[in-house]
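Colleague: Using the sequences and the hints, build the whole thing.
Following the working numbering, the numbering of the sequence shown begins with 40 at its first residue and continues without gaps.
It is worth saying that the hints were derived from the structure and are not from the lab. Treat each hint with caution, since some may be false.
[To be verified] No farther apart than 25 Å at their CA atoms in a straight line, the calculated lysine-lysine pairs in the PhoX-like style are these: (1) Lys646 <-> Lys685; (2) Lys522 <-> Lys449; (3) Lys667 <-> Lys611; (4) Lys528 <-> Lys446; (5) Lys528 <-> Lys441; (6) Lys443 <-> Lys420; (7) Lys363 <-> Lys452; (8) Lys290 <-> Lys420; (9) Lys528 <-> Lys452; (10) Lys435 <-> Lys446; (11) Lys363 <-> Lys443; (12) Lys339 <-> Lys290; (13) Lys290 <-> Lys258; (14) Lys611 <-> Lys631; (15) Lys441 <-> Lys452; (16) Lys523 <-> Lys443; (17) Lys667 <-> Lys631; (18) Lys446 <-> Lys482; (19) Lys435 <-> Lys523; (20) Lys482 <-> Lys363; (21) Lys339 <-> Lys67; (22) Lys287 <-> Lys516; (23) Lys602 <-> Lys646.
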Amino acid sequence: MDIFTLALIIVFAIALILFFLRIYTLYKYFRIGRNINRFDHAGKRFLFMLYDTLSQACSRRHKNYYPGFTHFIFFWGFILLFPSIMELILGPIIGFSWKFLGTPLYQALFFAQDAIVVLIVIALAMAFYRRYVIRPYYIENSFDALLILILVTIIVITITGYKAFQIAIAGTYPAYMPLSLFFANLVRNVPDKTFWLYFFYWFHLGTILFFLVYIPYSKHMHLIASFPNIFFKNNGPRGELSYVDLEKSEKIGVNDIRDLTWKDYLDGISCTECGRCTQNCPAYQTEKPLNPKNVIHTVKYSLFHNAPLILEGKNDTVPLISEKQDHLSITPEELWACTTCGSCIEHCPVYNEHLQKIVDMRRYLVMNEGSMPNELADAFKNLERTGNPWGFPSVKRGSLAKSKNIKTFKEQKAEYLLFMGCMGAYDSRYRSAVEAFIEILNKCGISFATLGNEETCCGDMARRSGNEYLFQTLAKKNIDAMKKYGVEKIITMCPHGYNTIKNEYPQLGGNFKVYHYTEILQMLLRDGKIRLKSSGERAVYHDPCYLGRYNGIYDAPREILEKCTYLLELEKSRTESFCCGGGSGRFLMEEKGKRINEERGRQIVEKGVNLVAVACPICMLMLEDAMKSLHREDISIKDISEIIFKNIEINTQKDEII
Numbered sequence: 040m041d042i043f044t045l046a047l048i049i050v051f052a053i054a055l056i057l058f059f060l061r062i063y064t065l066y067k068y069f070r071i072g073r074n075i076n077r078f079d080h081a082g083k084r085f086l087f088m089l090y091d092t093l094s095q096a097c098s099r100r101h102k103n104y105y106p107g108f109t110h111f112i113f114f115w116g117f118i119l120l121f122p123s124i125m126e127l128i129l130g131p132i133i134g135f136s137w138k139f140l141g142t143p144l145y146q147a148l149f150f151a152q153d154a155i156v157v158l159i160v161i162a163l164a165m166a167f168y169r170r171y172v173i174r175p176y177y178i179e180n181s182f183d184a185l186l187i188l189i190l191v192t193i194i195v196i197t198i199t200g201y202k203a204f205q206i207a208i209a210g211t212y213p214a215y216m217p218l219s220l221f222f223a224n225l226v227r228n229v230p231d232k233t234f235w236l237y238f239f240y241w242f243h244l245g246t247i248l249f250f251l252v253y254i255p256y257s258k259h260m261h262l263i264a265s266f267p268n269i270f271f272k273n274n275g276p277r278g279e280l281s282y283v284d285l286e287k288s289e290k291i292g293v294n295d296i297r298d299l300t301w302k303d304y305l306d307g308i309s310c311t312e313c314g315r316c317t318q319n320c321p322a323y324q325t326e327k328p329l330n331p332k333n334v335i336h337t338v339k340y341s342l343f344h345n346a347p348l349i350l351e352g353k354n355d356t357v358p359l360i361s362e363k364q365d366h367l368s369i370t371p372e373e374l375w376a377c378t379t380c381g382s383c384i385e386h387c388p389v390y391n392e393h394l395q396k397i398v399d400m401r402r403y404l405v406m407n408e409g410s411m412p413n414e415l416a417d418a419f420k421n422l423e424r425t426g427n428p429w430g431f432p433s434v435k436r437g438s439l440a441k442s443k444n445i446k447t448f449k450e451q452k453a454e455y456l457l458f459m460g461c462m463g464a465y466d467s468r469y470r471s472a473v474e475a476f477i478e479i480l481n482k483c484g485i486s487f488a489t490l491g492n493e494e495t496c497c498g499d500m501a502r503r504s505g506n507e508y509l510f511q512t513l514a515k516k517n518i519d520a521m522k523k524y525g526v527e528k529i530i531t532m533c534p535h536g537y538n539t540i541k542n543e544y545p546q547l548g549g550n551f552k553v554y555h556y557t558e559i560l561q562m563l564l565r566d567g568k569i570r571l572k573s574s575g576e577r578a579v580y581h582d583p584c585y586l587g588r589y590n591g592i593y594d595a596p597r598e599i600l601e602k603c604t605y606l607l608e609l610e611k612s613r614t615e616s617f618c619c620g621g622g623s624g625r626f627l628m629e630e631k632g633k634r635i636n637e638e639r640g641r642q643i644v645e646k647g648v649n650l651v652a653v654a655c656p657i658c659m660l661m662l663e664d665a666m667k668s669l670h671r672e673d674i675s676i677k678d679i680s681e682i683i684f685k686n687i688e689i690n691t692q693k694d695e696i697i
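Modeller: Shown next as C-alpha cells:
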C-alpha cells in the first residue's frame, strides 16, 4: 500500500468516525423524547419520500420557482456528482470504477456530471444574488449559509479542475465530457500537471469530507434529516390534533423538552430555514410576535442545550415557555398570536408540524398554570355554563330551527343532522345564512333535523386554545346526543365544526359521515335538484382555512359560485389563502399590530369586486368588520347559501340524491 492510499484511508476514516459520533450523540438526544408511532404503512411512506424529494414537489406545488430551481439543482447536483466522489475515494482503495456499467452508460454519467456543474454554477449565482443582494425579509443572514455556498463553489471548481488535468495528462479528447475537455485544452501546456492533479484531488476530497463532518453540527443537517422527516410525516388528517388521555396524564401539554416527541426533535434539525412558513404566516405578516420558524428553531436549540444536562442527570433545564424572549424559549404572547390557519404546515417543504407544538404549549399554559388571555378565560366560563362562548342561554340554541318548524331528532328521526354551530344558533347576521340553507333543503325535500337545545359547542375553539378538558366535555356531550338518536350523517354550517366532528370526534368514539354544507349544495346541483341563474356579479371566494388547507375542499364552493356569479380568483387563494384572523378564538380577542382581517380586506378591495362569497361564519364576521374599518361597506360579504338562495331554481322531483 503506497503512502497516497494510506493517507486517503486515514483521512476518510477520521471523517466517518467524526460524522457517526455526532449522529450517535443526536440519537441519544432523541431517546429523551416521548415515543410516537410513525412506522405505519412503511412502504407507502417510503415511496412518498422518494417522490417528494426527487421531484422537489413542494417548490412546484407552491410556485416557489426561483428558490425552487436553485434547490432542485443543488439536490440533483449532489445526486449526479456522488458517483464521482465514490470513485475518487474508493478507486485508490479498492480499485472501484463505474466502467463496469459499460461504455454508453459510463459516458452518459460523465456527460450528465459536466452538464450539472454548469447548472450548479448558475444556481450558485442565483443563490448568492438572492441571499446577499435582494435578500427577502424572511431570509436571515447566517455564517452557516455563506459557508455552505462557498463549499459548494469549491466542490464544483475542484472537481472540474481535477477532471481537466486528468484528461490533459492522459492526452485524450473525450467528447462526452465537454466542460472538462474545454478546461483540459486550456491546461495541456501547463507544467507540473501531476502536481495540479493531486492538488485538485486533495482540495476536492478535503472539502467533501469537511462537508460530511460539518453537516451534522450545522443547520444543514436538513440535508440528511429531511429524508426521515418526510418519511415520518403526519399521514393523518391535517385538522386532527393529538388525543390526550385526561385520566392517565399527570401533566397535560408541553413546557419541558422531554414533553415533546422524538419526531418534534426531528422537525427541529430538519428545518431548512427557507422561511416559507414565516413568509406565509398571517400573524407574522401583520406584525405579531409569532414567527413559526422560531417555534421549530426553539425546539432545536432547547434540545441541544438541555439534552446534555438531562443525560448528565442534571435538572436545571430551561423551560420551553418563558416570558424571557430568547432562542431557548417561546413567550406566551407568541403562542396566543397564532390563528391555527395551517399555512406554515402547508408551505413547509419538509413537513414540519408547527401547530401541534403551539397547541401543546397552549395546553400546558391553560391546563397546568391556568394562564390565558382574559377574553379566553371569559369564553371558557361561558362554554362551561351555556355551551357557547358568549354566554347566551343554552335553552335558546334551538330557537332558529324551531322558528322554521324544523324537527329535532328527539321528535323525528331524519337522514341528516344539521349541526347549527354556535354562530349559526346565536349570531344574528349568520342566522340568515342558516335560514337560506334550511329553505334550500326544505324545497329540495331533504330529510334533516337538529339536536335543538341538546346541541352544544363543537369544542373547536376550546381545543385549539389549549383547554383540552373543556373540549372533551363538549365533544362527549354532542357525541352522546348523536348516538342516542342514531345519527349517521351530519351537515355542518361551520368549517371549524366540520373539521372537529369529522377528524377529532373519532378519538372519542364519535364516528359519523360529515358534510360541509357546500358539499351538499354541490351534490344538489350535480343531481339536478337545483338550477342556478347567473346574477353576473363580479365576485371572489375567500377560502376558509379549516375547509381548504385543513380538509382540501376547494372545488365545491367554486363549482357552485361559477354557476351564479362572474367568479374571479384572489391572488391568495386555495392553498395560498390568507386567513381572516379569527381562528382558535382569535375572533374574540384584541389584536396587536395590524389587523389580519383588514389585510385580507385590502387584498379583496384590490380585486375590484362588489361581492365576497364566504363559507364560514367566522370569516363572515371578520371580513364584514374589515370592510367597515376600510370604509368599503359597498362590498357585500355573503355566505354561499345566501347567494345560492337568491339565484336558485328548484327542481321539485324528490329523487334520492346521496
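Colleague: Hints first: check each against the structure and report whether it holds.
Modeller: Against the structure, the hints:
no., hint, in the structure
1, Lys646 <-> Lys685, "23 Å, holds"
2, Lys522 <-> Lys449, "12 Å, holds"
3, Lys667 <-> Lys611, "21 Å, holds"
4, Lys528 <-> Lys446, "16 Å, holds"
5, Lys528 <-> Lys441, "21 Å, holds"
6, Lys443 <-> Lys420, "30 Å, violated"
7, Lys363 <-> Lys452, "56 Å, violated"
8, Lys290 <-> Lys420, "22 Å, holds"
9, Lys528 <-> Lys452, "12 Å, holds"
10, Lys435 <-> Lys446, "15 Å, holds"
11, Lys363 <-> Lys443, "54 Å, violated"
12, Lys339 <-> Lys290, "22 Å, holds"
13, Lys290 <-> Lys258, "32 Å, violated"
14, Lys611 <-> Lys631, "23 Å, holds"
15, Lys441 <-> Lys452, "16 Å, holds"
16, Lys523 <-> Lys443, "24 Å, holds"
17, Lys667 <-> Lys631, "19 Å, holds"
18, Lys446 <-> Lys482, "15 Å, holds"
19, Lys435 <-> Lys523, "21 Å, holds"
20, Lys482 <-> Lys363, "59 Å, violated"
21, Lys339 <-> Lys67, "14 Å, holds"
22, Lys287 <-> Lys516, "21 Å, holds"
23, Lys602 <-> Lys646, "20 Å, holds"
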